[in-house]
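For the protein sequence lines, the chains are U and A, in the order given.
Residues in the first sequence are numbered consecutively from 1, following my numbering.
Residues in the second sequence are numbered consecutively from 1, following my numbering.
Among the hints, a few may not be true.
Since the list gives no way to pick out one identical chain from another, each pair is judged satisfied if it fits inside one copy or across any two copies.
Unchecked claim - Cross-link-like lysine to any residue pairs, in silico, SDA-like; alpha carbons within 20 Å at most:
#1 40 - 153
#2 195 - 155
#3 79 - 294
#4 154 - 107
#5 101 - 113
#6 79 - 20
#7 40 - 272
#8 307 - 84
#9 40 - 273
#10 307 - 45
#11 307 - 76
#12 289 - 73
#13 307 - 48
What the hints contain is simulated information worked out from the structure, not anything from laboratory work.
2 protein chains.
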Amino acid sequence: MYTLLRQDAHCDARRGRLETAHGTVELPAFMPVGTLGTVKGVELEQLRATGAEMILGNTYHLSLRPGEDVVRSLGGLHKFCGWTGPILTDSGGFQIFSLAKIMNIDEQGAVFRSHIDGDKIELPPERAVKIQEALGSDIAMVLDHVVALPNDRKTLEDAMLRSVRWAKRCKDAADHPYQKLFAIVQGGLDPALRKHCAELLAELDFPGYAIGGLSVGETPQEMYDALDFTLPFMPVDKPRYLMGVGKPEDILNAILRGVDLFDCVMPTRNGRNAQAFTDDGPLRLRNEKYRQDDRPLDESCPCPACKRSRGYLRHLFMADEMLGPILLTIHNLTYYQHLVARARNAIEQNRFAEFYRTQMGRLIRTPADVESEFRTDQ
Amino acid sequence: MYTLLRQDAHCDARRGRLETAHGTVELPAFMPVGTLGTVKGVELEQLRATGAEMILGNTYHLSLRPGEDVVRSLGGLHKFCGWTGPILTDSGGFQIFSLAKIMNIDEQGAVFRSHIDGDKIELPPERAVKIQEALGSDIAMVLDHVVALPNDRKTLEDAMLRSVRWAKRCKDAADHPYQKLFAIVQGGLDPALRKHCAELLAELDFPGYAIGGLSVGETPQEMYDALDFTLPFMPVDKPRYLMGVGKPEDILNAILRGVDLFDCVMPTRNGRNAQAFTDDGPLRLRNEKYRQDDRPLDESCPCPACKRSRGYLRHLFMADEMLGPILLTIHNLTYYQHLVARARNAIEQNRFAEFYRTQMGRLIRTPADVESEFRTDQ
Chain U
1 MYTLLRQDAH
11 CDARRGRLET
21 AHGTVELPAF
31 MPVGTLGTVK
41 GVELEQLRAT
51 GAEMILGNTY
61 HLSLRPGEDV
71 VRSLGGLHKF
81 CGWTGPILTD
91 SGGFQIFSLA
101 KIMNIDEQGA
111 VFRSHIDGDK
121 IELPPERAVK
131 IQEALGSDIA
141 MVLDHVVALP
151 NDRKTLEDAM
161 LRSVRWAKRC
171 KDAADHPYQK
181 LFAIVQGGLD
191 PALRKHCAEL
201 LAELDFPGYA
211 IGGLSVGETP
221 QEMYDALDFT
231 LPFMPVDKPR
241 YLMGVGKPED
251 ILNAILRGVD
261 LFDCVMPTRN
271 GRNAQAFTDD
281 GPLRLRNEKY
291 RQDDRPLDES
301 CPCPACKRSR
311 GYLRHLFMAD
321 EMLGPILLTI
331 HNLTYYQHLV
341 ARARNAIEQN
351 RFAEFYRTQM
361 GRLIRTPADV
371 ESEFRTDQ
Chain A
1 MYTLLRQDAH
11 CDARRGRLET
21 AHGTVELPAF
31 MPVGTLGTVK
41 GVELEQLRAT
51 GAEMILGNTY
61 HLSLRPGEDV
71 VRSLGGLHKF
81 CGWTGPILTD
91 SGGFQIFSLA
101 KIMNIDEQGA
111 VFRSHIDGDK
121 IELPPERAVK
131 IQEALGSDIA
141 MVLDHVVALP
151 NDRKTLEDAM
161 LRSVRWAKRC
171 KDAADHPYQK
181 LFAIVQGGLD
191 PALRKHCAEL
201 LAELDFPGYA
211 IGGLSVGETP
221 QEMYDALDFT
231 LPFMPVDKPR
241 YLMGVGKPED
251 ILNAILRGVD
261 LFDCVMPTRN
271 GRNAQAFTDD
281 GPLRLRNEKY
291 RQDDRPLDES
301 CPCPACKRSR
311 GYLRHLFMAD
321 EMLGPILLTI
331 HNLTYYQHLV
341 ARARNAIEQN
351 RFAEFYRTQM
361 GRLIRTPADV
371 ESEFRTDQ
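Start from the sequences, fold in the hints, and give me the full structure.
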């Protein structure tokens, strides 16, 4: 299912390929988040035009609305939402941690209250697998026990070891004609725990591995350090997925260290809030300075937002027009896809480290640049 | 600018063509409403795919946000919003009547407070023309004095005669290289006033004529009657535009009587509220009965909403996903465009009256059908 095509000669960045029942994904890849069976505000044709090959669906959300029984009866997630390419579903572990009201987590599984209607829901690892099988995603994730950072070593170790036992139970429960199950390495910011977890999961021989429990409050440097002491213990011949990350600079840093796959709500959520990503850092479109600005967000971007002026995009946000969030979401997704496409191209030419340095130099702007962006009449 | 291509042999329906600086419009035509420089939630490519040839912009709204100065400095309304086809702008007369807080209307013009920030705005007829010239629409409308229905004859007559004087002032003020100015027939539900207004305006020789002041509280039959006693006095060699109308059955009734052009917020506004138009009447997608319905809204519709199940569309609305309003707006606009395309085709074959009878028989459903549509858990 995974092929390592090329290892960059000057850094740990790698060019790979993932084959799924619904098509091929060129790696490194970024997955737009389609929480409830739709990438918010983006129609399928527009989504394909951004360059996205695989999208993510949230098992927690879909199991609450419309319910996996409805999705299954309407033909599974692909047919339900109309996306014919690969789909990865998470297990719900992170949403239980971040959204739900947890009632109890013990060896048996998680018990929590829905953030929609307060219903009590029991989620043992086996059920997390069965829900994802009902959804019919191409890649499913094991249920993991996510804890906040920072945290004491005992809590981190217990949650990590439980996550490994749950991963084994998920593997034993899995029974689907084409769905592949990825494991998730936990262990917080503790090098020994991350190493131990990666090694225990490697023994279980999953078709892919994720790094979980990051982007939950630690600094960027702490996250990069965690990648440095975790990735060397993850199998080289399996895809590596950094869950829920991140900013363009985070993605470049993770690719530099050998990560293959990403998902994050930033391009979509920030787009809905009038923030546009560019190589020179984000623009805040509500800023008064864009009122009569006839330039596009980015001269070289082929997306429909960049066929308009910044002044028009600002108008859409000031007038609360849906098209503002729609266009900026499409722009940001196009930007993220273009970023990973350029990364793939650079790796193929053994020059990812150079691409990384150039991009980081532009992305990380001076405080004065950033202040100018926030100086607004709104 | 207008060509009468064919008069149906068995009714007053007519097939025409309108040529503008930004392209040709086949008549009868329906214009989607793009109030603030965007048809809410619909990207340009999607809008073109519905079959729309001309869109409408609202002068009142655009003059408040972003202001006609901003639109002009960003290249005019076409460049501003990216729509390269024909655009018609209204004059603001109807919005002053329906949205703004009117302070005074006298011979000089209207004085009102903005519904956005309460600013006092003076709008003499000449300024309504100059704003539309700054926007650069292909067709501009004269400023008219709209009054509520029912109303006493004196009020209706005064408003009608003032509208004629204002139309003359608009014509005298107009000075734009390609923009054409259409006049608006007023006179409420009074046959003599409508006839008199149509004749006075015909003498002024405008390139097109609208019927205004309808769809403001009268019954459908009263509106059809008004068309019957107004249209015979409007020039045959000029396009006839029924402003702000309407339901599919209203459009069919008006085409039957010789109307060429329509605009209405119903397909877009109702789409955002989960109502889908079909030949068999509207569906309300929040209805519980669609929860696991795997059928499309309409088997024969080529729109992206009809590539999904009713169950999926219902889910989008129940989960407050933007894609629900987007898809139903696109479906409804596709439905309206398909309706007028079929009307044009029927007229070319002298069988519009037959098409009208067939469609009306399906659209006007029994009370039991309608009740079933409203029986919902929401």
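Each hint, compared with the structure:
Taking the shortest alpha-carbon separations for residue 40 and residue 153, neither the intra-copy value of 38 Å nor the inter-copy value of 52 Å comes in at or below 20 Å. In the homo-oligomer, the alpha carbons of residue 195 and residue 155 lie at most 20 Å apart inside one protomer (17 Å), although the nearest pairing across protomers, at 85 Å, exceeds that limit. For the identical chains of this complex, residue 79 and residue 294 are inter-copy neighbours only, at 10 Å across copies versus 41 Å inside a copy, given an alpha-carbon limit of 20 Å. For the identical chains of this complex, residue 154 and residue 107 are intra-copy neighbours only, at 16 Å inside a copy versus 83 Å across copies, given an alpha-carbon limit of 20 Å.
In this homomeric assembly, residue 101 and residue 113 come within 20 Å of each other (Cα to Cα) only inside a single copy, at 5 Å, whereas the closest approach across copies is 48 Å. Taking CA atoms no more than 20 Å apart as the test, residue 79 paired with residue 20 passes inside one copy only; the shortest distance there is 16 Å, against 43 Å between copies. With identical chains, the CA atoms of residue 40 and residue 272 are at most 20 Å apart both within one copy (9 Å) and between copies (15 Å). For the homomeric pair residue 307 and residue 84, the shortest alpha-carbon distance between copies (12 Å) is at most 20 Å, but the shortest distance inside one copy (28 Å) is not.
In this assembly of identical chains, residue 40 and residue 273 lie within 20 Å of each other by CA distance both inside one copy and across copies; the values are 12 Å within and 17 Å between. Taking the closest pair of Cα atoms, residue 307 and residue 45 come within 20 Å of each other both inside a single copy (17 Å) and across two copies (12 Å). With identical chains, the CA atoms of residue 307 and residue 76 are at most 20 Å apart between copies only, with a shortest distance of 15 Å across copies and 36 Å within one. Taking CA atoms no more than 20 Å apart as the test, residue 289 paired with residue 73 passes between copies only; the shortest distance there is 14 Å, against 51 Å inside one copy.
Both within a single protomer and between protomers do residue 307 and residue 48 lie at most 20 Å apart by alpha-carbon distance, with minima of 18 Å and 16 Å respectively.
Consistency with the previously given hints fails for number 1 only.
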